[in-house]
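Chains R and Y, in that order, are what the protein sequence lines are.
Going by my numbering, the first residue of the first sequence is number 5, and it counts up by one from there.
Going by my numbering, the first residue of the second sequence is number 167, and it counts up by one from there.
Treat the hints as calculated values from the structure; they're not laboratory data.
Beta carbons: idealized from backbone N, C-alpha and C, even for Gly.
Among the hints, erroneous ones may be present.
[Claimed, not checked] Not everything, but these chain Y residues come out facing chain R in the computed CB check (under 7 Å):
#1 A236
#2 T237
#3 R246
#4 G251
#5 L278
#6 V281
[Claimed, not checked] Subject to a maximum C-alpha distance of 35 Å in a straight line, what follows is the list of computed DSBU-like cross-link-like pairs (lysine-lysine):
#7 K52(R) <-> K27(R)
#8 K27(R) <-> K201(Y)
#9 K146(R) <-> K52(R)
#10 K146(R) <-> K229(R)
#11 K27(R) <-> K229(R)
#12 K229(R) <-> K201(Y)
#13 K52(R) <-> K192(Y)
#14 K52(R) <-> K201(Y)
#15 K27(R) <-> K146(R)
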Amino acid sequence: MPTQTPNRPSATKTSKIPTRADKRPDEFIVVASDQGLGLNAPQEMGNKLWAPMFVMGVMAFAAALILGFVRSNAIATAAGAGTIAQLGHVTTGVMFIGFTAVLSAITFAIARILGVFRSEGGNVQTLASGHVQTLTMPAAAKGMILSMVMGMMAIIVAVGLHVYVAASVVGASEASLATAAQWGSSLEGVRRLGVGMHLFGIVLGLATIVHVLRFQSIRILEVAKERTASR
Amino acid sequence: MLLGTVLGGLREGGGEVQAALGAPVKTLAMPTSAKAFIALMAVGMMAAIGQFVGYAVVATQYAGNAAVFATNAAWLGPLREVALGVLLSGIVLALYTISRVLGFQFTRIRELLTVAA
């Protein structure tokens, strides 16, 4: 029988806050507590922000496609070269707002998955053994956040400069068109660097999931042994 | 599509574990996000194929009519980027669906533990 489940991972607010992290013999660094620790701040953020980012991305893509058609029409009707250059910069800017939003949404969705493992894994351990071990945030997860922020900053700076360059194009003077073209080439590199950082962050997020799954499989065995021994 | 395989694995494996424990098998109904994920992937793929064909057609116009070439290239560029963006949007929904399925799986484990206790 198909069943529906609550939409958000549950955060355990009444958890005992542990004071220090311990390194296990298998190299996993964990904090021990009596109850699950719930979501950490980045996971809470992932829960809240994945959907707005997703919607923003889809809207920006639609807007950029429309602007592309407007620019195409401007070329077909032989509108001024300045207008065409301006539209080119604005279209690219809006498109990359979409890219940074959707790539951030992917990162937030990964953080949400990690949040499910952390909060629900803690709840299951509470119920099964009463001794909860929660992984500390691995370096890869910190790298994921850092990489996403850097990628987002790079793209936002590029988008801001695209808008500035579009506003700076005065008429169809050769000088301003040449400047706009120069900026277009330079900013392409910055945008691609931003996308690369976003993608690197996603790779680190997936690596974190692998790390968590490895710990989970080991911990399931431990809890099962504890339960068997206690009977 | 690999993300779809992950979802399939979670569904199949979860059912097998429940059956092995002798518990009634409960399976999550296909969430709306999973249906939207498939739709976005299909739309993104079609847009990607469309822009590929479009560029192939436009390339033949380059020598004959530069103005028509420039006009068509102006909207094909954004279409190319949007195709990629829609595929990425599909990935967002797939990851969200995975988190929902995992949440259900953990809830079910807790139910089984409660029954066992």
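Status of each hint after checking the structure:
no.	hint	verdict
1	A236	holds, 5 Å
2	T237	holds, 4 Å
3	R246	violated, 10 Å
4	G251	holds, 4 Å
5	L278	violated, 10 Å
6	V281	violated, 11 Å
7	K52(R) <-> K27(R)	holds, 31 Å
8	K27(R) <-> K201(Y)	violated, 42 Å
9	K146(R) <-> K52(R)	holds, 19 Å
10	K146(R) <-> K229(R)	holds, 32 Å
11	K27(R) <-> K229(R)	holds, 20 Å
12	K229(R) <-> K201(Y)	violated, 40 Å
13	K52(R) <-> K192(Y)	holds, 28 Å
14	K52(R) <-> K201(Y)	holds, 22 Å
15	K27(R) <-> K146(R)	holds, 18 Å
Of the numbered hints listed earlier, those contradicted by the structure are 3, 5, 6, 8, 12.
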